[in-house]
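Participant: My request is simple: use the sequences and hints to build the entire structure.
Chains as they are written, first to last, in this note's numbering: chain A, 1 to 396; chain B, 1001 to 1396; chain C, 2001 to 2396.
There's no promise every hint is true.
[What the hints assert, rightly or not] Stretch by stretch, here's where chain B covers chain C in the computed footprint (C-beta under 8 Å, at least three residues):
no., stretch
1, 2014–2025
2, 2151–2163
3, 2178–2190
4, 2370–2378
Calculated directly from the structure, the hints in this document are not laboratory data. Where a beta carbon is used, it is the ideal one built from N, C-alpha and C, also for glycine.
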Amino acid sequence: MGKAHVKVLTDTSKRVWVESYEIGPKDVGMAGTWHIRKTTLRGGPGDGVDLIEVNNGALVFSVLPTRGMGIWNVSYKGMVLGWQSPVRGPVHPSLVNALERGGLGWLRGFDETIVRCGLESNGAPCRDVLTNNMGQRVEMDLTLHGKIANTPANRVEVQVVPGVAPQFVVTGQVCETGLFLSQLRLTTRISTRAGSNAVTIEDEVTNMKGVPSEMELLYHCNFGPPVLEKGARLEVPARMVAPRDARAAEGIGSFDTYLGSTAGYVEQCYWYETIGDKDGNTLAMLRNAAANKAVVIRYNRNALPCFTQWKNTASEDDGYVTGLEPGVNFPNPRPFERANKRVVQLAPGARYKAAITLEALDTKAAVAKAQAEIAALQAGAERVVHAKPVAGYSDV
Amino acid sequence: MGKAHVKVLTDTSKRVWVESYEIGPKDVGMAGTWHIRKTTLRGGPGDGVDLIEVNNGALVFSVLPTRGMGIWNVSYKGMVLGWQSPVRGPVHPSLVNALERGGLGWLRGFDETIVRCGLESNGAPCRDVLTNNMGQRVEMDLTLHGKIANTPANRVEVQVVPGVAPQFVVTGQVCETGLFLSQLRLTTRISTRAGSNAVTIEDEVTNMKGVPSEMELLYHCNFGPPVLEKGARLEVPARMVAPRDARAAEGIGSFDTYLGSTAGYVEQCYWYETIGDKDGNTLAMLRNAAANKAVVIRYNRNALPCFTQWKNTASEDDGYVTGLEPGVNFPNPRPFERANKRVVQLAPGARYKAAITLEALDTKAAVAKAQAEIAALQAGAERVVHAKPVAGYSDV
Amino acid sequence: MGKAHVKVLTDTSKRVWVESYEIGPKDVGMAGTWHIRKTTLRGGPGDGVDLIEVNNGALVFSVLPTRGMGIWNVSYKGMVLGWQSPVRGPVHPSLVNALERGGLGWLRGFDETIVRCGLESNGAPCRDVLTNNMGQRVEMDLTLHGKIANTPANRVEVQVVPGVAPQFVVTGQVCETGLFLSQLRLTTRISTRAGSNAVTIEDEVTNMKGVPSEMELLYHCNFGPPVLEKGARLEVPARMVAPRDARAAEGIGSFDTYLGSTAGYVEQCYWYETIGDKDGNTLAMLRNAAANKAVVIRYNRNALPCFTQWKNTASEDDGYVTGLEPGVNFPNPRPFERANKRVVQLAPGARYKAAITLEALDTKAAVAKAQAEIAALQAGAERVVHAKPVAGYSDV
Chain A
1 MGKAHVKVLT DTSKRVWVES YEIGPKDVGM AGTWHIRKTT LRGGPGDGVD
51 LIEVNNGALV FSVLPTRGMG IWNVSYKGMV LGWQSPVRGP VHPSLVNALE
101 RGGLGWLRGF DETIVRCGLE SNGAPCRDVL TNNMGQRVEM DLTLHGKIAN
151 TPANRVEVQV VPGVAPQFVV TGQVCETGLF LSQLRLTTRI STRAGSNAVT
201 IEDEVTNMKG VPSEMELLYH CNFGPPVLEK GARLEVPARM VAPRDARAAE
251 GIGSFDTYLG STAGYVEQCY WYETIGDKDG NTLAMLRNAA ANKAVVIRYN
301 RNALPCFTQW KNTASEDDGY VTGLEPGVNF PNPRPFERAN KRVVQLAPGA
351 RYKAAITLEA LDTKAAVAKA QAEIAALQAG AERVVHAKPV AGYSDV
Chain B
1001 MGKAHVKVLT DTSKRVWVES YEIGPKDVGM AGTWHIRKTT LRGGPGDGVD
1051 LIEVNNGALV FSVLPTRGMG IWNVSYKGMV LGWQSPVRGP VHPSLVNALE
1101 RGGLGWLRGF DETIVRCGLE SNGAPCRDVL TNNMGQRVEM DLTLHGKIAN
1151 TPANRVEVQV VPGVAPQFVV TGQVCETGLF LSQLRLTTRI STRAGSNAVT
1201 IEDEVTNMKG VPSEMELLYH CNFGPPVLEK GARLEVPARM VAPRDARAAE
1251 GIGSFDTYLG STAGYVEQCY WYETIGDKDG NTLAMLRNAA ANKAVVIRYN
1301 RNALPCFTQW KNTASEDDGY VTGLEPGVNF PNPRPFERAN KRVVQLAPGA
1351 RYKAAITLEA LDTKAAVAKA QAEIAALQAG AERVVHAKPV AGYSDV
Chain C
2001 MGKAHVKVLT DTSKRVWVES YEIGPKDVGM AGTWHIRKTT LRGGPGDGVD
2051 LIEVNNGALV FSVLPTRGMG IWNVSYKGMV LGWQSPVRGP VHPSLVNALE
2101 RGGLGWLRGF DETIVRCGLE SNGAPCRDVL TNNMGQRVEM DLTLHGKIAN
2151 TPANRVEVQV VPGVAPQFVV TGQVCETGLF LSQLRLTTRI STRAGSNAVT
2201 IEDEVTNMKG VPSEMELLYH CNFGPPVLEK GARLEVPARM VAPRDARAAE
2251 GIGSFDTYLG STAGYVEQCY WYETIGDKDG NTLAMLRNAA ANKAVVIRYN
2301 RNALPCFTQW KNTASEDDGY VTGLEPGVNF PNPRPFERAN KRVVQLAPGA
2351 RYKAAITLEA LDTKAAVAKA QAEIAALQAG AERVVHAKPV AGYSDV
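Facilitator: This is the structure we're talking about:
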């Protein structure tokens, strides 16, 4: 393995920022058809958004430093892996008012393939009791899915690591902070290899405060056509599946399969207790009806014990999509998650690590292989599917 | 008519954005003193605002793509047609927090001559019942005059169309959108001809959702000195005029004439039922005391059945201004407008068209001619002026 | 004294804005090692923030036009005078949602050494009764410390004035405005001399409205290590000191001395009635334990009658800091300040002037001299220190 080619694109502490940048094989005397291309969007609602496109020769995705290092616009050999949000983003965070619409303002900017929800909180908007500057415990509003996706990274770097399978890496640091508020620093390493069908996100969240801090983190991974379609199926090794609410309970008989686009469809969410191998490694696969196209996400359930399935098979105009959402918590209001011990407590200086790999599968064989993996994890474990919401998972 | 000279200034879907641009007669081998000049404002509260100045040789106005394609800074042969807002804008939307001050934050950016209010809602801030992501009907806050004026256009184009009277056109597309939210697309065509005293705005609002959607739209056309002055008058063919509230009722005896600048003046609003010709075409004229200067707005009352007069003859420092406001609705809280069937219901994919023309008049003859037009429309129809607010128009 | 070298960096009314600029001795045929350097920050949460660094050869500070002309990053001969906020700013105002967290959103951008709080209101978030567009008195939310620190200047100029001690000046104008809202214009002149240990801020706030207007103004001057440390002391000539609340009362026995960094420390605030000379001139000094390093702020108590001490000796990670805060008011909720006649009433066109000088002391002798000044002001006046909050100062 040769020496990595490293380029710092943003470092606010050193007043470094690169408006546009491109690196490809010719620039570094390597072979292949890959490139990394950094641009700054101009004009419209995305004016000022930094975008780093990584093309490993097969898998293409963009990283959005301005939107908390989210992953956008993924495709593999021309197969789209994301979804078509009614938001034609990316949208600059300065135009997203999280407080709007009873705390649902986050939805004005939501169009990523993988977007982190957190870090101080995520899930449904709610009131929670927090400590204010005067040390008083007071009620405050938490907004949908927190702030991290609308916080620009203060440090961004790209690396090309030569080798048999050259590696392409984007690292970033995003700080959710404020005096008297949480001070959570995300460092992320997003990497892929030349020709690979996979991208891996390795995250570390550090509590920068001198006092303990709460943390919630969820990876909202969103997929539409062509993998999502009528008859598509979500396959997850699980001990338990429960509907979030009465609406989800309506569909419990077919919770793991999907409708075609259905105008007026109201979202259904299901909570999963997943099964991992002896080290906690697990996976979830969304596959199409013919079982020859799929997306797989791999992660460790020790770090991300909760898994949420979000079904939103509305019309394509309204965002025909499903979300696969591993998290430290379920996206319930934080007080409920806290009561159920799913909010992470970070000591001063403590770090929390989580990682997730997204894979694109485009053959029947590859899908079958992933199915076998899932079956192996499921083997010997009963899967209980609850017909009704379950206390401790839902506020029933 | 020759081939149009077309220049795309913004197209976010193609990552096109032009920082500055100018076109004049020499650039296209034409005669005249006209120009179109696109600049991007830098520094201060307007940093990043795109501005397109159109000068047809007589009428000058600016289009603000970053502020929802509003019309700013209009003058005709040196006669100012807009007003002097206490806001010395344009202000970038990212600095306007619509939720501020009980939902009046829109007022921090308001200084256009013509600004659209809408598209999902406009009018006074209020609570309304909306459907959230979970399909639940919940109360949410609507803010003053909606979002469209603080939403940047994602596509902007200018055209110069040669001919006997060359035409200058700015087109734009602005999307009010978000997952689970309304998805209303405005396309606008703003045009004028060389030497003309008029500019025409042709709008189309499309419901991009797969389900029906509500829509409100109002053109807030604002004028100050020199047309507005002590003794100025608003002339509108109308069957009915009603005061909005007790404050407006105080001034009902002189609702159609104006005071000079009056420190501490509290706004008075009047609702009109206008009269159009057989096709619905109508007009409203604000003329000065001597009846030798005026602004006329022309539109079709089938598309814009409601007309609101906003009198705000405060001190010049505080914004001495009157608003002529044709709309699909009156700017009441949306629940009230809905109850009175003035909120437009758009089927999936349905379009709503509206247009408005602004004319500058600078001679006694021109004013007299417009007066004759208005008199002709009024002829044979009684005009009822209510002394008190009227149920159905005001929430009395 | 020679003719001043003047450079306009921002003038939105003339569409002037300079992205980067530098002036030093060579540029103007002068001696010395001073410079003024204007840059525009790019990337991260500060993207688009204008920053003017003034280095007089000994004292270095930055002015932030985009953040209301606040003072950032002060040092004197290498001695840091500001503090290390958990916010690693500057943060662009468009990313600060003042309404967040029950009105504490201002804290997401707070990392200045000197930041103005105001102009319409400052202090704790609260509900107040204001007049809306319809002339109605309604309840609205006021947010922590108001808007001025998150309002970009619309005019900025730098001057170099030759002479025996050349002077370096940054002037700016910031407008807090909106239709039907307050219309307060701040003009500031920030100046220092070559080799000086001091910077002076001369402010004028003008009520631009045609009707009377309220105004609050407080200079939040914030200092951390090395001056602030265990055993550091605040020295202020005062007739009276009172704790803000029960938490402050706990520490009344040592209100004027400081702890080292203390994880979990909850802020303590004290109100002062200061003593000035016959013209009202007074000073406050924060000095280190050894009394050989200090910061002094000088101002006139006729203009700034209220003085607040903010102790926040939390861990260094959480912002180990104390605030010296001369103001026209105490930072209580505005209704309380109004009731106690500490909200300024400005007639139409009226101006309010205030000035503050920050000095860095780095010798025992200089500290002793300032102590002697303070002692002289205190001489003959009793200092009453209240053990409990006092009515009229706190809402008890």
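Participant: Does each hint fit the structure? Answer for all of them.
Facilitator: Hint check results:
Interface restraint, the stretch 2014–2025 of chain C with chain B: holds (4 residues with C-beta to C-beta distance below 8 Å; minimum three). By the rule of at least three residues with a Cβ nearer than 8 Å to a Cβ of chain B, the coverage given for the stretch 2151–2163 of chain C holds, with 6 such residues. For a cut-off of 8 Å, the count of residues in the stretch 2178–2190 of chain C with a CB near a CB of chain B stands at 5, and the three-residue condition holds. Here's how the stretch 2370–2378 of chain C fares: 0 of its residues keep a CB closer than 8 Å to some CB of chain B, so the rule of at least three is not met and the hint is violated.
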